[in-house]
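Chains as they are written, first to last, in this note's numbering: chain A, 1 to 301; chain B, 1001 to 1367.
Quick caveat, the hints were computed from the structure, so don't treat them as lab data.
Where a beta carbon is used, it is the ideal one built from N, C-alpha and C, also for glycine.
Incorrect hints may appear among the rest.
Listed below are several chain A residues computed to face chain B (Cβ distance under 7 angstroms; list not exhaustive) [to be verified]: (1) A70; (2) P144; (3) E195; (4) K198; (5) I199; (6) D200; (7) P204; (8) V211; (9) D246.
Each chain, letter by letter, is given below.
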Amino acid sequence: MLMRDTTAQDLALARATERRQSRSRWLAHAVLALGVLVFAFPIWVTIVGSSHDASTIGRGDMPLWFGGEAVANYVSAWVSGGTARRTTGGLPAWLMLWNSLNMAVLIAVGKIAISLLSAYAVVFFSFPGRMVCFWLIFITLMLPVEVRIIPTFEVMVNLQLTNTMTGLVVPLIASATATLLFRQFFLTIPDEYVEAAKIDGAGPLRFFKDVVLPLSVTNIAALFVILFIYGWNQYLWPLLIVTDKDLTTVVVGITKMIGNGDAQNEWNIIMATSVLALLPPVAVVIFMQRWFVKGLTETEK
Amino acid sequence: MATLTLSGIRKSFGATQVLHGIDLDVADGEMIVVVGASGCGKSTLLRIVAGLETPTAGSVLIDGRDVTRLEPADRDIAMVFQNYALYPHMSVFDNMAYGLRIRGMPTAEIRKRVADAAEMLEIAQLLDRKPRQLSGGQRQRVAMGRAVVREPKLFLFDEPLSNLDAKLRVQMRAEIRRLQKRLGVTSLFVTHDQVEAMTLGDRLVVMHQGRAAQVAAPMEVWGTPADTYVAGFIGSPAMNFLSAALSDGGRAASLKAGPTLPFADGPRAAADGTPLTIGIRPEHVEHRPEAADAIPLSVDLVEPLGSETVIHGHLPGGESLVARLPLAAGAIGDVLPVGLPPAEWHVFGTEGSRLPARQGVAAAASR
Ligand SMILES: Nc1ncnc2c1ncn2[C@@H]1O[C@H](COP(=O)(O)OP(=O)(O)O)[C@@H](O)[C@H]1O
Ligand SMILES: [Mg+2]
């Protein structure tokens, strides 16, 4: 009898908790759905817009469902950057995407390579001025490109690196974020590995290649995703350093397609190009997602 | 196979001196166990031999060659770490082969060596696994295997068993001993566990605060400890220490606990009244119900262990005494009559170092 009572009570309690939980879960989902809507709506409008002809959007309509011009728009954007050559400068999307891809990959790879090596030096070697080096690297964190943009531009002009991929990429590579992350990770590598490697006869570079790099793979992948997107989205620096059309990146290129003098904006082409510009970062995220999550959450012992 | 000679090894980290001049001669094929409390500098000593630390002063000779300034890789040694330090991303095979590959050994030879070592250590079926897929005991074996394949002049072990559970520890202890004897490789084994030390070593180095308090065979360390530190460190339960004063012209000790008893091995060369410490192991304390000269031991705690009973109590004068008695004798609050046979005494002088009987006089007394 007594037992039956307690079970009944327990049940009631459990049900109440469940109800409360399901209510809060419902609320959470509603908030999430709202968030998704807010984020997704502009993208939806862009995708839909890229499937209409120029005049539909030009009239001020904002269609919410697909039109029939998708193939024509994308082909036009890809091959020639639209019909009105005056407005876009006639830059085909493939060229801008290629430039962006080059820039983003070079920035990501360059940053990772430099910061791996500098973090390795700072963590595993004791040399005079080690901490000074570390702090110098650290300080660059407080000086992103935007802050030092004028002197950097001056340096690039003096080196005659304007309108080159080098000039575009190198100043963006030099920063400390990734160095700091790798330093933190390297500090978790037990000293015993270093010592075991010393006894095994592995020199510093060999230890780096055979032990440190393989242990850092997930971190490198995670950073690659972040840095690729960082590079892809660069706007101000490419706008300044590149005036040559052949080196225009897609983010800069799209803004140049808008509001250019007296000609009509070809919104359908602009939107198609925007959609194309979205794809590589999305692809990188999807492709690297597994590694990415692993790199952020898992610390292998 | 090789000899190892350490002479005058000192080491300071900044202002703190950790090693105060260690001298040691290790014979070919010998297993030396360095034992001492945590923080006494055992690992530092081992790492100096390995070349992972540079001594502040002194030199390390392997096979007569001065290696003090050489890199670890050039010393022809192998080391087993406490947490094994297996490279987590490499298979067992690769872990064992890594050092050999770096030396540029031909692949066939590497395969053969790893296979032989794996068979000897019974890890042949684990060669493809990653370290994280192994149990503690298996990792331990792989770490051993990595040392064995090198066929080094010297094995260095830094508390390799302390991460294992008690049963496995005993098993691996025996196995390390067997392996070391079989391969005949000169070895230095660091541990804080006195049982490990006693069972493994041909000789022990008992370290205390950066000094070698005693270097001797295990039974000698147990039988004639050089000072009160060694006496108290080796043996379980630990040796009892009773204060006393020299009396009767150096022929007897008058215990603070009461009686004055003559030394069994002859007189000491010191003035009467010199303070002494008399050490006696718990297993040598006797239960003497009938004896008139027995000392009353007030029982504070009784630990029955089956075959014997460990009694914790105190003597008149307040000094505590632990006795290992063969039978269940006494209960808390009882007063047991015990004897402290002088034949089993360890006599220590004021500085805590062993005060031996005067030479010649003992012989004269026994004549
Ligand atoms: N790299 C180091 N820097 C400073 N002090 C150290 C260093 N390595 C060891 N010590 C100190 O030296 C002493 C002995 O250390 P260690 O040899 O590891 O002792 P054990 O192995 O006997 O426990 C300890 O007090 C420790 O703090
Ligand atoms: Mg240690």
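Status of each hint after checking the structure:
1. A70: violated, 47 angstroms
2. P144: violated, 34 angstroms
3. E195: holds, 5 angstroms
4. K198: At 5 angstroms from the nearest chain B Cβ, A:K198 passes the 7 angstroms test, so the hint holds.
5. I199: Cβ of A:I199 sits 5 angstroms from chain B, so the hint holds.
6. D200: For A:D200, the interface hint holds, since the closest Cβ of chain B sits about 4 angstroms away, which is under 7 angstroms.
7. P204: It is violated, given that the least Cβ distance between A:P204 and chain B is near 12 angstroms, above 7 angstroms.
8. V211: This interface hint holds because 6 angstroms falls under the 7 angstroms limit.
9. D246: A:D246 check fails; min Cβ-Cβ to chain B is 43 angstroms, beyond 7 angstroms.
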